[in-house]
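**Q** Going line by line, the protein sequences match chains A and B. Residues in the first sequence are numbered consecutively from 0, following numbering that gives the first Met the number 0. Residues in the second sequence are numbered consecutively from 0, following numbering that gives the first Met the number 0.
Among these hints, one or two may not hold up.
Calculated pairs, SDA-like style, for lysine to any residue (alpha carbon to alpha carbon, straight line, at most 25 Å) [said to hold, decoys possible]:
1) B:K90 to B:P118
2) A:K52 to B:R206
3) B:K247 to A:D86
4) B:K128 to B:K191
5) B:K2 to A:R35
6) B:K172 to B:A69
7) B:K239 to A:S36
8) B:K241 to A:G269
9) B:K61 to B:L73
10) B:K128 to B:A69
Read the hints as simulated data drawn from the structure, not as lab findings. Please read these numbers as outputs of a predicted model, since none were measured by experiment.
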Amino acid sequence: MSSLEVIVGSLALRNPIMLASGVMDETAGSLIRVARSGAGAVVTKSIGSEPRKGYPGPTLVELDDGYINAMGLPNPGIEAFAAEMHDARSSPVPVIGSIFGSSPKEFSFLASKMQDYGAAAVELNLSCPHAKGYGMEIGVDPEMVSAVVKEVRSACSLPVFAKLTPNTHRLMDVAKAVEAAGGDAVVAINTVKAMAISAEIRRPILSNKGGGLSGPAIKPIGLRCVYDLHAEVNIPIIGVGGVENWRDAVEYIMAGASAVQVGSGVGRVGLEVFESICTGMRAFMEREGFATVSQMVGVAHE
Amino acid sequence: MSKLRIVTITSVTKEAAGVTTLRFHDETEARPGQFYMIWMPNVDDIPMSISYNTVEKGITVKEVGDATRALCKLKVQDRIGVRGPFGNGFKIPKGKVLIAGGGTGMASLLPAAEGIGDPGRVDVLIGAKTASELLLLERARRSSNEVHISTDDGSMGKKGTVVEMVQKHLESKRYDIVLGCGPERMLSSLLKVCDKASVECQLSLERYMKCGVGLCGSCVIDGVRVCTEGPVFSSAELRKMKEFGSSKRDECGCAVKL
Numbered sequence: 000m001s002s003l004e005v006i007v008g009s010l011a012l013r014n015p016i017m018l019a020s021g022v023m024d025e026t027a028g029s030l031i032r033v034a035r036s037g038a039g040a041v042v043t044k045s046i047g048s049e050p051r052k053g054y055p056g057p058t059l060v061e062l063d064d065g066y067i068n069a070m071g072l073p074n075p076g077i078e079a080f081a082a083e084m085h086d087a088r089s090s091p092v093p094v095i096g097s098i099f100g101s102s103p104k105e106f107s108f109l110a111s112k113m114q115d116y117g118a119a120a121v122e123l124n125l126s127c128p129h130a131k132g133y134g135m136e137i138g139v140d141p142e143m144v145s146a147v148v149k150e151v152r153s154a155c156s157l158p159v160f161a162k163l164t165p166n167t168h169r170l171m172d173v174a175k176a177v178e179a180a181g182g183d184a185v186v187a188i189n190t191v192k193a194m195a196i197s198a199e200i201r202r203p204i205l206s207n208k209g210g211g212l213s214g215p216a217i218k219p220i221g222l223r224c225v226y227d228l229h230a231e232v233n234i235p236i237i238g239v240g241g242v243e244n245w246r247d248a249v250e251y252i253m254a255g256a257s258a259v260q261v262g263s264g265v266g267r268v269g270l271e272v273f274e275s276i277c278t279g280m281r282a283f284m285e286r287e288g289f290a291t292v293s294q295m296v297g298v299a300h301e
Numbered sequence: 000m001s002k003l004r005i006v007t008i009t010s011v012t013k014e015a016a017g018v019t020t021l022r023f024h025d026e027t028e029a030r031p032g033q034f035y036m037i038w039m040p041n042v043d044d045i046p047m048s049i050s051y052n053t054v055e056k057g058i059t060v061k062e063v064g065d066a067t068r069a070l071c072k073l074k075v076q077d078r079i080g081v082r083g084p085f086g087n088g089f090k091i092p093k094g095k096v097l098i099a100g101g102g103t104g105m106a107s108l109l110p111a112a113e114g115i116g117d118p119g120r121v122d123v124l125i126g127a128k129t130a131s132e133l134l135l136l137e138r139a140r141r142s143s144n145e146v147h148i149s150t151d152d153g154s155m156g157k158k159g160t161v162v163e164m165v166q167k168h169l170e171s172k173r174y175d176i177v178l179g180c181g182p183e184r185m186l187s188s189l190l191k192v193c194d195k196a197s198v199e200c201q202l203s204l205e206r207y208m209k210c211g212v213g214l215c216g217s218c219v220i221d222g223v224r225v226c227t228e229g230p231v232f233s234s235a236e237l238r239k240m241k242e243f244g245s246s247k248r249d250e251c252g253c254a255v256k257l
């Protein structure tokens with residue numbers, strides 16, 4: 000029987016289908032629920048130094064093939080999040096702490112807190128497209144990214160994943176900077192800058208006006224990024240963007256991803272998305288003669 | 000159809016002090032107990048229970064914050080955005096139904112009473128702080144032969160809480176289900192009263208919501224999403240929730256005591 004177990008950097012996962020940051024992951028109860036629904040790992044909401052309310056509504060627009068969101072990085076702040084991480088220890092799978100900061104120092108402070116809290120790895124949010132001073136404002140500059148990864152690397156011993164934005168022509172330079180600075184994996188992609196306008200109301204729908212597009216609409220963009228990244232870096236790639244069935248996941252893995260993350264799929268398909276991807280992927284692997292997931296990684300390049 | 004559409008307000012009715020019903024045309028089918036996400040351009044996007052469940056849908060808004068205050072100022076011909084209907088709604092079994100509403104909780108319960116369509120099958124108990132805050136009484140009387148009122152200060156109906164009235168009714172009559180909506184402390188004691196009388200209940204909960212579609216996790220209680228798996232929960236589901244009746248999450252996701 001084919002095995003879904005994978006190792007991403009030094010992190011061993013029962014399957015390669017992870018929960019993406021920002022979805023059902025602000026509380027221990029949510030993280031454990033998703034873990035029990037079959038995810039191979041869960042990533043927390045991006046946590047900053049202070050509590051943040053995020054933007055007023057609307058923060059989400061539903062489209063036929065995805066969502067546009069601008070939540071505004073709402074989170075309870077790193078101090079209050081200690082309680083959630085404590086309660087999330089009963090998660091059957093690794094809990095990865097996503098963090099966002101405006102400087103290398105802030106990132107390393109948050110990373111060492113996540114380490115204290117028992118996170119299995121940290122994911123650096125270098126890619127949120129709608130929060131001033133954070134996310135992709137930092138993540139499109141290879142030098143800044145290098146400084147952040149180095150500082151985090153020296154402040155904690157956890158695997159360091161860098162979540163990258165597709166909203167730049169410098170994605171390859173940024174990924175190489177992550178690798179050179181000692182990052183353990185890159186996560187690609189975060190949402191694509193987007194907007195929705197109401198004709199009747201005559202203005203953008205999101206309160207922040209601009210937002211990020213996710214879901215099946217961005218799968219081809221994510222696949223291309225992962226394919227290109229696989230040719231450029233030697234550290235593992237975690238593929239994200241529009242994964243909601245086994246075929247999507249297999250395509251990302253063949254493009255070069257060692258694991259994938261599911262975000263919008265939780266809303267569009269439901270929490271059963273993790274199990275259904277795993278079941279479908281295992282059946283595919285058996286049909287096609289793949290004994291392990293790693294045998295599929297990057298085969299589209301051969 | 001849960002995507003955003005823009006609707007025009009067709010009527011505005013003052014129900015009580017600080018409480019306004021807005022009606023608009025929306026042919027989407029909804030079940031009693033479901034809700035819309037209502038977009039007030041330039042203000043916010045908030046969940047509102049459906050209080051009139053015909054093609055002329057309605058929401059009944061109590062002024063509590065910026066968005067609800069803005070909604071209550073709307074006039075006929077103004078436009079708002081609606082998404083939904085979202086959530087599960089009430090699942091009404093055969094037999095005798097007892098409806099218990101506190102404050103604006105009545106707004107999401109009346110469509111259930113009207114949906115049953117048999118005034119002999121539904122008893123309605125309405126609670127309010129004081130007579131001037133009592134809501135939707137005439138409408139309740141059209142869908143139920145037996146409507147009772149309680150006010151905290153005794154200014155109308157029985158002096159006391161709606162939960163005390165429920166307790167008396169459960170002692171003297173047989174009901175197959177209790178449907179409840181109101182402040183969570185009231186619901187928490189309502190569950191206890193129903194459990195003691197061994198009568199099943201379905202209670203509609205309220206939580207801070209952002210997306211409405213089960214993605215963001217803002218509205219979870221013990222990992223359960225109020226927006227998609229609720230807002231109506233059964234006795235068995237409620238008994239398992241540690242946060243029910245004790246804490247909720249603020250906009251940042253911090254736990255706060257109720």
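**Q** Would you mind marking each hint as holding or not holding in the structure?
**A** We went through each hint and held it up to the structure:
For the proposed pair K90 of chain B and P118 of chain B, the alpha carbon gap of about 18 Å is at most 25 Å, so the pair holds. Between the alpha carbons of K52 of chain A and R206 of chain B the distance comes to roughly 15 Å, so the proposed pair stays at or under 25 Å and holds. For the suggested pair K247 of chain B and D86 of chain A, the alpha carbons sit about 16 Å apart, so the restraint of at most 25 Å is met. The hinted pair formed by K128 of chain B and K191 of chain B meets the criterion: a straight-line CA distance of about 21 Å does not exceed 25 Å.
Using a Cα cut-off of 25 Å, the hinted pair K2 of chain B and R35 of chain A is violated, with the two alpha carbons roughly 30 Å apart. With a C-alpha separation of about 43 Å, the suggested pair K172 of chain B and A69 of chain B falls outside the 25 Å cut-off, and the hint is violated. Between K239 of chain B and S36 of chain A, the direct Cα distance comes to roughly 18 Å. Compliance with the 25 Å bound is thereby established for this hinted pair. The straight-line distance between the Cα atoms of K241 of chain B and G269 of chain A is roughly 23 Å, inside the 25 Å bound, and the hint therefore holds.
Distance hint between K61 of chain B and L73 of chain B is fulfilled; the C-alpha atoms sit about 13 Å from each other, no more than 25 Å. With a C-alpha separation of about 24 Å, the suggested pairing of K128 of chain B with A69 of chain B holds against the 25 Å cut-off.
In the structure shown, a violation is registered for the earlier hints numbered 5 and 6, in ascending order.
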